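Asks: What follows is the residue order along each chain.
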Amino acid sequence: MPVVSINLKDFCNLVGKDLSIDFLRDRLPFLGTAWERASEEEFEVEVFPNRPDMFSTEGLARAFAGFINHRKGIIHFVVEPSDYKTFVDGSVRDVRPYIVVSVVEGVRLTEEGLKSIMQLQEKLHISFGRNRRKASIGIYDADKVRFPLSYTTRDQGFEFQPLDFPERISIAEILRRHPKGREYAFILQGFDRYPILMDSLGTVLSMPPIINSEDTRVTPSSRNLVIDVTGLDYRTINAVLNIVTCSLVERGGKVRAVSIYYPYATEFGKSLVTPDLSPRRQILKISSVRKLTGLKIGADEIRSLLEAMRFGVEKVDGDTMTVLVPPYRADIMHEVDLVEDVAIAYGYDRILPEIPPISTIGGEDPMEVFSSKIRELMIGFGYQEVMTYILTNPTTLFKKMRLPETKDLVELRNPKTSEYTVCRNWLLPSLLEVLSRNTHRTYPQRIFEVDDVIEPYPKAETKARSLRKLALVTIHNEADFAEVRALCDALFHALGLRAEVLPSDHPSFLEGRYGMISLKGMILGFLGEVHPEVLEAFGLEHPAAAMELDLERIREFCMEIRSS
Amino acid sequence: MAIVVLENELKILNSLERLDGEKTLEQLSALTGLTKDQIASLALTMRGKGLVEIIETKSLRAFLTAEGERHGNLGLPERRALNWLLSHEKGSFEELADASLEAWEVPIAIAWLRKKGWAEVSTIAGKKFLIPTELGKGYKEKRSLEEEALALIASSRDRSLELKGQPDGILEACQALKARGLIKLQELSEERLRLTELGRRALKGEVRLILEVSRLSRELILSGNWRNVRLKHYDVSIPSYQVFGGRKHFARQILEHIRRIWVEMGFKEMKGPLIETCFWNFDALFVPQDHPARDLQDTFHLRNPVAGDLPKAEIVERVRRTHEDGWTTGSRGWSYKWDSETARELILRTHTTSLSARTIAVLKESEIPAKFFSVGKVFRNEKLDWSHLCEFYQTDGIVVDENANLSHLMGYLRRYLLRLGFREEQLRFRPAYFPYTEPSLEVEFYHPFYGRWVELIGAGIFRPEVVKPLLGRDIPVLAWGPTFDRIVMINYGIKDIREVYSNDLEQLRKAKAWIGG
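The listed protein sequences correspond, in order, to chains H and A.
With this note's numbering, letter number 363 in the first sequence gets 366, and the count goes up by one each step, no holes.
With this note's numbering, letter number 3 in the second sequence gets 34, and the count goes up by one each step, no holes.
Calculated from the structure, these hints are not laboratory results.
Any given hint might turn out to be false.
To be verified - If you anchor each label on the Cβ, the simulated ranges turn out as follows:
1) A:340 x H:497: 33 to 41 Å
2) A:433 x H:284: 27 to 35 Å
3) H:283 x A:373: 35 to 43 Å
4) A:449 x H:255: 29 to 37 Å
This one's a predicted model, so the numbers in the text were calculated from it and none came from an experiment.
Think of the CB as a built atom: it goes at the ideal place given N, C-alpha and C, for glycine as much as any other residue.
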């Protein structure tokens, strides 16, 4: 989640009040951020992704000023008409079809302001913009730009001087040589024409979503700015434009409208004027607030709390409140989002925890109860429980166990390490791995695990099923078949079942010292003395004997006895 | 007066009595079955109790060499030569070979005959003869001291002779035999035990002996003899050997405690698949299909199997509409085109909240109010480090109740954490964000080690966009998904999360038992 760093002095200026780090550390978390760290001049907070408007010093200060009841209520943003225009060329339609633009004039930017806006841009790119794919932002010095703008495309031979580069180079070279070009080239892969935003004199502003041009660079002394957002989804880029524009207004900027002309029909028509900073209306029921929060509060208090969160209340009609939502609050989708803000403004630390008197009957899953019984029995037999991972790899499951590899496994598409690439289909290899890491510990070692294995199962809704198993291993100088055979008999005896052991063969076990455990013609598991080659593969120096049982079936047999 | 004796000490005393009150360690070993070392060490404690004396005797013994052995049987070479000469009056050097002498013994015999003056050499007709002297004739019936000594040794039972106490002549003869390499002399020291007066009286019963035994045995109990013996006192302050036994994994102990807490509060367990469709893991929870959490970076997708089944069409359709335009939930929706193929993709579930979604989808009106919990494994595509695992446990809970609210949510969670041993003043609730809950909150714990607040539980009230498509109507559903491993780490002072599942047997065998709150 985005962590934003904030200059304390700049923040206090924007809030309009002197605030101490201690106060901020105490109160900011209750606005819905996570405090990270602070130095004398700066502090860092993690802002949740639903509040991109707080990714900047300006936005966080605006919200906090309301939260501490210093400046309350909705800000009415004025967008002054202008004859600024942007023409969209039909060739962008397939590459990056939408653009919105705004102009902010008279901004007092300074070094800190510029840093904050750059940070806002970066965090929006990552979260809201889905790494620039869905939306990307460009900010330019308006004094270096001559309207009207044109949003068009050029081929890879087209040249301009990208930001932070000493010379003009071609688009092809930008994608190959410029750090940003290399990082974001994937978004434009497969196209032979590339989006370019340029002014009426042919000065390039940017190549969305890759890089701006050096010619229109913003400096701390820039006063007038042009902002554009391009992308794939109109709603998203509009929300992003509003967040950036409104942040700049906090620094004294006046917003000018820009008319945009599309040669093709969009869901909003062929021409539109941006930014649209008028508030949205969201209906909030007073009863919903009271029901969801449990707070006994009335319309007046709710209005006051909403204003502390910088909303406006247009009217109250009985239970229904019409709330004005500022243009930078893209996260308000439903009245429950307003309910949460009311609760936040009220203070989570002031809400009293309470358990209601409702009667329900609790209970555990039967298989879990059975697993717990089996664990108790195993502990009684002196075995130590271990807890291992379901994720493993074919080497451990097959090669080390002297088994031929099978493809009938649940396999990951995107593993991060070769250690965890598949889900285990039996437990024993996990236990041998535990033993291999404990060769320096006191012997005898007797360990067990009761947990799931997973196998593909086409009949199931998720094409796989989990099976609860018990596996155990004993390893020490005198460990042998007799030891696990005795344990097997004791375990089944304790469960009231009478299983037999049928001689059989298994590559992981010694010949003539392996058997399958069978009850009424059904195989419930196996036991045997581990093959020395398997011991070698796991780096084990003592004889070992092991058993693995299918607890699902065993439980069914136990239930049968109980009911007969 | 009473003397405490060990069983083995008593054995030695009894053996000494049978053998005139004095014996060597070998003899005692043969009689008692104890080793010489055991007897030697017991002798010291018995001497301490005044029961025996230890007598150390030094002796000089003569042993035959291989050559001495031969001569001991056949007689010295000069004797064999003299006997032959006496019966033949004289004999040439060559003829002496007939006198039962080996060739190598002939020169020895000649040398000693002359040295002892038993025979002389005379030259007759240019040929040398040996003729017995008068002295030699006198030894016809008499043995020399050397022969006497050799015979004594050769006839003794172990072919050796104690020299102490032998007459001077024999001693001198032995020195001579030693010089001739026929015997070896060896100085030996030997310990003998002898009963003291106290020891004799104890054996006669005039002084009481109390037997001390280290183990109380079945025999002692059956015979009632435990009354007559003294059980040895132990130094109880000394640690004994290590006991491991079978134990539950320490994380399991907490997992079981957590289950107990939820069951106590009337929660019923939910179970469901580890392999999950994106539909239940994400879509049903109103997580948009382009949400970063669904990326390959964060979620394990499957190569085999690839896609699962979607639930009944009615639910799928409602979820689709809700994502696209909010359906009838009152929401604006995410305004994008929802794709059913994406929803069918199989993954390893990233949270047990998928079970909550499944549970709500099959909940009957008659079952409301309802409370459910789950404890299970979840998976994240993380690189393992001190704070991340790719496989770990989570415990989820939901409360479906017409009157449920934020304060109830806090109430359940507060009770859960107090039952886990947290204290009220260590906890706080603060706003948070999850795509599927609104309002949302996090419960934080002030970690004394890190000196900061750390997250314990993410929680909230399910959005109407989650509940209505699954249940058919909107109703408050309290929901939470607490981390589990962090609770284990806090309780066991573990700083690296990987240690929770490292299965180090030393750690597992010695982990403190979970006592709970």
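Asks: Enumerate the violated hints, using their earlier numbering and listing them in ascending order.
Replies: 3, 4
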